Amino acid sequence: MLSIVGLTTDHGHVRALENVSFEVPAGSLTAVIGANGAGKTTLLRTLTGLTKPTSGSAHWHSHDLLSLSTEEGVRHGVAHVPEGRSVVSELTVAENLQLGALWRGKDPDVQIAREEVLSLFPRLRERLSQRADTLSGGERQMLAIARALIARPDLLLLDEPSLGLAPLVVEQIFQTLDRLRKQTGLTVVLVEQNAISALEIADNAVLLSLGKIVISGSASLIAQDTELRHAYLGY
Amino acid sequence: MRERFALNWLRIPSGMRRALLLVLVGWGLLLISDRISEFRVYQGASVATYFVAIVSIVLLTGYSGQVSLGHGALLAIGGYSAALVMQNLHWPFWIAFFAAVFVAALVGALLGVAAARLSGPYLAGTTLAFAVGLPSLANQFSFLGGEQGLPFDIGVAPSRFGENFSPYKWLFWISALFALFAVWLAANLLRGRYGRIWRAVRSDETAAALSGVNVARSKVLAFTVSAGFAGLAGALLCATVSLVTPGGFPLSLSFAILTGAVIGGVRSLVGAVIGAFTLVILPMVADAIAQGASDAVSTNLPAVLTGVLLIATIVISPGGIAESLSHLGRKIALRRQKRI
Amino acid sequence: MQQFVNTLINGASLGSIYSLMALAMILVWRSTRVVNFAQAGQAVLSTYVGLEIHRITHSYPLTLIIAIIFGALFGALVDLLLVRPLMHRVGDGPIAAVAPVIVTLGLLSAIQGFVGLIWGGEYRSFPAALSQNGFKVGLTRIPFSPFDLFILFTTLLVMLAFAYIFQRSGLGLAMRAAAFEPEVARLAGVRVARVRTIGWAFAGGAGALAGALITPTTLLAPNSLDLLLVFGFTAAVLGGLESLVGGVVGGFLLGIGLALVVTYLGSSFTFITAFVVLIAVLLLRPRGLIGQRSVRNA
Ligand SMILES: Nc1ncnc2c1ncn2[C@@H]1O[C@H](COP(=O)(O)OP(=O)(O)OP(=O)(O)O)[C@@H](O)[C@H]1O
Ligand SMILES: [Mg+2]
Chain A
1 MLSIVGLTTD HGHVRALENV SFEVPAGSLT AVIGANGAGK TTLLRTLTGL TKPTSGSAHW
61 HSHDLLSLST EEGVRHGVAH VPEGRSVVSE LTVAENLQLG ALWRGKDPDV QIAREEVLSL
121 FPRLRERLSQ RADTLSGGER QMLAIARALI ARPDLLLLDE PSLGLAPLVV EQIFQTLDRL
181 RKQTGLTVVL VEQNAISALE IADNAVLLSL GKIVISGSAS LIAQDTELRH AYLGY
Chain B
1 MRERFALNWL RIPSGMRRAL LLVLVGWGLL LISDRISEFR VYQGASVATY FVAIVSIVLL
61 TGYSGQVSLG HGALLAIGGY SAALVMQNLH WPFWIAFFAA VFVAALVGAL LGVAAARLSG
121 PYLAGTTLAF AVGLPSLANQ FSFLGGEQGL PFDIGVAPSR FGENFSPYKW LFWISALFAL
181 FAVWLAANLL RGRYGRIWRA VRSDETAAAL SGVNVARSKV LAFTVSAGFA GLAGALLCAT
241 VSLVTPGGFP LSLSFAILTG AVIGGVRSLV GAVIGAFTLV ILPMVADAIA QGASDAVSTN
301 LPAVLTGVLL IATIVISPGG IAESLSHLGR KIALRRQKRI
Chain C
1 MQQFVNTLIN GASLGSIYSL MALAMILVWR STRVVNFAQA GQAVLSTYVG LEIHRITHSY
61 PLTLIIAIIF GALFGALVDL LLVRPLMHRV GDGPIAAVAP VIVTLGLLSA IQGFVGLIWG
121 GEYRSFPAAL SQNGFKVGLT RIPFSPFDLF ILFTTLLVML AFAYIFQRSG LGLAMRAAAF
181 EPEVARLAGV RVARVRTIGW AFAGGAGALA GALITPTTLL APNSLDLLLV FGFTAAVLGG
241 LESLVGGVVG GFLLGIGLAL VVTYLGSSFT FITAFVVLIA VLLLRPRGLI GQRSVRNA
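Chains as they are written, first to last, in the working numbering: chain A, 1 to 235; chain B, 1 to 340; chain C, 1 to 298.
Among the hints, erroneous ones may be present.
[What the hints assert, rightly or not] Label pairs and their calculated CB-CB ranges:
(1) B:Leu21 <-> A:Ser57: 57 to 67 Å
(2) C:Gly170 <-> A:Ser136: 20 to 30 Å
(3) B:Thr206 <-> C:Tyr264: 39 to 49 Å
(4) B:Asp287 <-> A:His13: 31 to 41 Å
(5) B:Val270 <-> C:Leu81: 24 to 34 Å
(6) C:Tyr264 <-> B:Ala293: 45 to 55 Å
(7) B:Gln337 <-> A:Glu83: 37 to 47 Å
(8) B:Asp287 <-> C:Val245: 45 to 55 Å
(9) C:Gly170 <-> A:Asp133: 16 to 26 Å
(10) A:His13 <-> C:Leu81: 32 to 42 Å
(11) B:Leu110 <-> A:His76: 51 to 61 Å
Please keep in mind that the hints were generated in silico from the structure rather than gathered at the bench. What you are looking at is a predicted structure, and each value in this text was computed from that prediction instead of being measured. The beta-carbon is built from N, C-alpha and C at its ideal position, and this holds for glycine as well.
Can you make the complete structure from the sequences, with help from the hints?
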């Protein structure tokens, strides 16, 4: 279980997260939604050590996430796909994949994981020897997710995977997430602007506004709350 | 508050106030020079020389945000120009000083045109290359005197200054005069239109360009002015030894100047004074430490100390001593206010 | 014709040393975004250490190997003790942009001073692996010696090793990822700080080798490698400062170019040529002669 208690993060004078607490049960998918600048990205970056929190705590099972460095977090099964198709442009697709599993060394499971990931995103298999900066935006997003999955994480933090992608591709990615969760017990925190689709596949949801939690709870209940929808989600 | 108003010099216009202050300082320096030993007077001349050189870095790095690791080369150009003018044209020495400023500024303008298009590491490397290579050119042109260099003698004081007016004191007077002139010029420049433009460019090039500043021209100008100051410093430096040689401008000189600027505070003219004193005191400290040790120790210790000080300043207080002092001053003032 | 060929091979052997220095500077630049001007100081120090080893053991292989290992360790230490804390501290202070460069300069000054303090300022000779007398072709002695051959051979070996490490090994992949996209690399589990230190160690080793190979010709003094620093930097800039291959090509071009200048114009033009080339490349082709425009469009 991921449990976050009283998390507060400042960017200089800007308080991006204020006293955020919620829990994500193992094997569930939690959607984090909210307007631009609500603090969603900051939340994920704080969880993986890319941004230092001001106060609060966050634990994944028994691991204190806030005391782990980014690279150690990965070794404890936490994978983070940040905003904006984060791949290494100068490396090939194959090398980007290899990079994701580098820390696992010669573990024979790496090959298996690689095959699985490639069958999830067959498009990548055709592009293995291409440089990542020659990929289309959607392919890059696939590569970024594949790079995270090849490490066989237990907890996957996804920041706006749908950004700028065709609806069909978004659909495909969300389905993949859903399947992975059911097959492998992967726990997912999904940050999304696209609230409708996110709430559809999520078990729980957290609604952020100006760094604070407005409401958290069952995704279907939040999706049904017309007042909330009007006030914060704009549909 | 009222006190400060009174201190505002009885409402003399600020430009005039600065000039007056300088005259006072100059007068004080002259009085002091009468009461200290010859060696101290000589060191005073060195302080003045380093001060001019450091002001040159303050203008360039502190205000216009460009780095030069090779100011020693510009000093060399100043020194050689002054010596050549004296030797070949037999003009009075003070014209030689202006020639030094002029030629160095000219070279600086050329460098500045290139520098304005270079960023951080590239500019640093290019200026470093300049400093490594330029002095060796002197060996290759006979009119520059080769390894022996050229004489550069500013002579002795005119007889009306009296019998006891030593050459060192004469040197000190000249250096101090030029240093005061330099600080007056720099202060006015920095408070004026160009100072504002440089600051704007330094803090955000794009924003400055958007608000109509010609960024490239402002950078070239900064380099030119800075080089002019460096040329003056070079001529003064050569005057202290009455000689210009390629060996007089080693890389370590460039480092020393930069160190002085950084230690004092690369954005402050007061810092430049602190830096200049540091550069003169450093070898004395080294001598004191190396007492009785071999020659190798005493000649190389200053370089070690320079390097260590440079690193320590950047790590401990990147704004230099001047900034630390002003922080301290503000803190004390705040505390006093609270008490009242 | 004979003279032209001689000049070429001579230039290649010099150029290979410049390449090594360029490699050192590029390795550090890519991983840390700092041009390490202390590289010359580090190389001088390791060369003096080599000299001491030679005095004690009289063994050239030991001298070379220990100098390289020392250079690598020292490079790693510079990163660990100086650069890493500095990067944490400086952040966005008043001279944040120039602080790292100034620190490497301070280090150069400190090392050169320290070396002078221990070993004195006078020039010393340094052993060469093989004879420095030119080979005989027919009755004439050409200016290409067995030692030149050794230099070429050794540097090519080192470059092949680097190429293998960077293109084929996991460590190389981690180093490339950490250089281009540190945050992505960290998210992929690469221990970026450690990888960066390894980069500094490689650079220190390459610089040490460059110092040990050029010193038999230039003699050894605290600042005897300043010119190598300038030429290494020029070579790195020729190659665009980002690419290891570019740095190697830049080094050879510069070495051969300067050798041609010495042969046909005279040695007094070496420095002017290098300086003009440096400025010209920076102004006309800031990405280097062979640097390519990055395809990145995101
Ligand atoms: N490095 C930073 N420095 C200063 N302020 C920052 C920084 N990063 C984020 N912020 C501020 O913190 C707030 C939260 O930003 P965050 O990126 O977490 O929002 P978000 O919910 O991810 O928005 P979006 O949906 O647009 O991605 C914003 O007001 C933003 O301006
Ligand atoms: Mg975001």
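Against the structure, the hints:
The hinted range of 57 to 67 Å is satisfied by Leu21 (chain B) and Ser57 (chain A), whose Cβ atoms lie roughly 58 Å apart. In this structure the supplied range 20 to 30 Å holds for Gly170 (chain C) paired with Ser136 (chain A), their Cβ-Cβ distance being about 28 Å. Hint check: Thr206 (chain B) to Tyr264 (chain C), Cβ distance near 46 Å, so the stated range 39 to 49 Å holds. Taking 31 to 41 Å as the suggested C-beta distance range, the pair Asp287 (chain B) and His13 (chain A) does not conform, at roughly 50 Å.
With their beta carbons about 32 Å apart, Val270 (chain B) and Leu81 (chain C) fall inside the hinted range of 24 to 34 Å. A beta carbon spacing of about 49 Å between Tyr264 (chain C) and Ala293 (chain B) agrees with the range 45 to 55 Å that was offered as a hint. Between Gln337 (chain B) and Glu83 (chain A) the C-beta distance comes to about 46 Å, which sits within the given range of 37 to 47 Å. Taking the beta carbon of each, Asp287 (chain B) and Val245 (chain C) are about 50 Å apart, inside 45 to 55 Å as hinted.
At roughly 22 Å, the beta-carbon separation of Gly170 (chain C) and Asp133 (chain A) lies within the given 16 to 26 Å, and the hint holds. About 33 Å separates the C-beta atoms of His13 (chain A) and Leu81 (chain C), a value consistent with the hinted range of 32 to 42 Å. Leu110 (chain B) and His76 (chain A) have their C-beta atoms about 58 Å apart, which keeps the hinted 51 to 61 Å range intact.
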